[in-house]
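Chains A and B, in that order, are what the protein sequence lines are.
For the first sequence, this note's numbering assigns the number -4 to the initial residue and increments by one for each residue that follows.
For the second sequence, this note's numbering assigns the number 169 to the initial residue and increments by one for each residue that follows.
In short, the hints are calculated from the structure, not lab data.
Idealized CB from N, CA, C, for every residue including glycine.
Among the hints, a few may not be true.
The following residues of chain A were derived to be distant from chain B, with all beta-carbon distances above 12 Å [unchecked claim]:
no., residue
1, Arg24
2, Arg75
3, Leu305
4, Leu378
Distance condition first, Cα-Cα at most 25 Å in a straight line; then the derived DSS-like pairs of lysine-lysine [unchecked claim]:
no., chain 1, residue 1, chain 2, residue 2
5, B, Lys376, B, Lys386
6, B, Lys278, A, Lys379
7, B, Lys369, B, Lys403
8, B, Lys318, B, Lys403
9, A, Lys379, B, Lys318
10, A, Lys249, A, Lys190
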Amino acid sequence: MNNIYLDYAATTPVDERVITAMQPYFNIRFGNPSSLHQFGQQAETALDLSRREMAGYLGAMPSELIFTSSGSESDNLALRGTAFASREKTGANHLLVSPIEHPAVLATARQLADLHGFDVTYIPVDEFGMVSPTMVQTNLRDDTALVSVMHANNEIGTLNPIAEIGQLCRDRGIPFHSDAVQSAAHFPLDVNDLKVDLMALGAHKFYGPKGVGALYVRSGIDLIPMLTGGSQELGLRAATQNTPLIVGMAKAFKLVQVDHNARTNHIRPLRDHLINQVLSLIPSSQLTGHPETRLPNHASFVFEDADGNLLISVLDAAGFACSSGSACKTGDPEPSLLLTHLNYSLSWAMGSLRVTLGKDTTSDDIDAFLEILPGCIQQVRELKS
Amino acid sequence: MSGGVDSSVSAALLKEQGYDVIGVMLRLWSDSDSQNRCCAPDAQAEARHIAGLLEFPFYVIDAQDQFYQAVVLPFIDGYAQGITPNPCLNCNRLIRWDFLLERAAALGAKYLATGHYARIQQTPTEHYQLLKSRDLQKDQSYVLHVLTQKSLSQTIFPLANLSKSQVRKLAGEYSLPVAERPDSQDLCFVGQGDYRDFLRKTDPSINKPGPILNPESKIIGEHPGLADFTIGQRKGLRISSPESLYVIRKDIDQNALIVGNKEHLGRTEFFADQVNWIAGVPPQDPIQATIKIRYKSPETPGTITALKGHSVQIQLESPLPDITPGQAAVFYQNDICLGGGIIRSD
Ligand SMILES: Cc1ncc(COP(=O)(O)O)c(C=O)c1O
């Protein structure tokens, strides 16, 4: 298959250098990091180095970084862990979350509300899906256990003013979590600049392996573990650490820090060209998300009266892998919750398209894509009427 | 693709013949929360699995609205008019061909292939003929008689020359799972219960109790609803009578079920409408053919005369007891399916 991949927000290919770094930890340095012997010690060293290195880039202490199995798990642990710990400690019972969070946060908040009696408030957002610090301030309560606002939205790319929101929370002494799964691929993230108390990362969005993530937990933030058992990860997550994947994540994270400027300088102009061309070539099209304050690789659109699901299939058959907020493999398209929340009418919300670029995307790729996209959209629109 | 053995083997054969295969499953409408049998999660998972094994792309295309409009509503409406509709015919013509062919074209496909048991033959005059399957037990030309020259020109039946047992054997050779969706009598879009429950739930006014009359219009009982009965039916009348009684007619205006004994039942002459001639045009003169009035019934010889406006008059050589308005009458000359139409209410 030589289709062109334009879905880097979904996942990315693992960098060759990352694969090389991981390799020995599958079968040569395969020990259990908790074991006393030298096999264990080798693995423990790798784990330790990975933690120090990642923590260093984040401006955190190594003891503030917990390795998990995914971005989703990190979000889960952040929400459940602090919600239950705060309730235990202070009786705090309120969660303040943005309504445009990834399902890893939204569904967790919903479960905390439905099964555990937490009171959840959704922070109003503007037309670009951006959370304003004022709205956070208005909705903060004395019994707020946690505020969760994502750094960059996966579906529409909008970036949130995390540092300002973090400052507000800090002033009130309320823990603040941010899902930085999407943004980690593009920006250096310093937990002190961002003023976050918890922050979720997932390796597969930044050219690392799937099935591994991390959660930053500021020292002094109480967390109840969700996975109980051994005392790995400072007692906050039981289970033998997945050394090869963690080594891979640390390597990939390091490469982001080294390369992100060059990557962004390459990707952003391609992305800008893509957005301009799409909006000018295709009638009844709109950009979703913020026009400037957005991920540098991210373009997302809605097209009126086009079936987004069919569009993704048609584009795929034509050789281009993209995604859409409403696309679903099972043929049961629903308008994306986010676009509905942003008040897009059904005839627009059903026709969404997300095109996300990566370090290997070329201008030829974008030209080829722009060549076929107008025809594909026209075809899909004709099939709708 | 259905995830079943027929479409899976079809895909494998095409792949082997060097075609660029794209797998498609249609997401069809279904009653309430139940999933349409054609695209239930397990069927989808199976089709996806097969596409993965054979390494070709697979998409599910949403056809729920169109299916509801083109298949379900006419089905309900047909019962409201007292006929016994066959929704598979509309589904084949409007959804599985017209709708899907358009989308297949958008996906870049030149042909539509299905796992039906039937054959397509091109004549020297560039016409396409629809032929019965070589496996007469499995032949599906009855439900395919709605296809047009244009559809046939873009259709491939990879199982054309195979029998069911050969298909099963091939599945084994290709290491494909040989799951088989049970050949259910129930309709794919009806969830719990059968079509009668579905009709009751959908529109209670369609199926309400009324009188049972004898051929002399004397009331001899009460029926629970006309849709529960079909022509020739004997069971479920709940009338004691010295001889067996059969449904011979439905009178929709009086909501009455007319019953009689066996002699009242047989007919030799009837009409069919919405006729599709596979050749594209009706024959000038009356033709001799064999006629099939239900999917699983044997053929009966007769004469077909084309009338104005896509209708025909059919004269059978011997009477048939169960000529049912709403079902299709399909015409054959030996292996060739000439076309067919919908049996008219009298
Ligand atoms: C913003 C955001 N949060 C969380 C996740 C979940 O990450 P993972 O796939 O590692 O569980 C994703 C990726 O889908 C994401 O985009």
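Worksheet item: Which hints, by number, does the structure contradict?
Response: Hints 3, 4, 8 not satisfied by this model.
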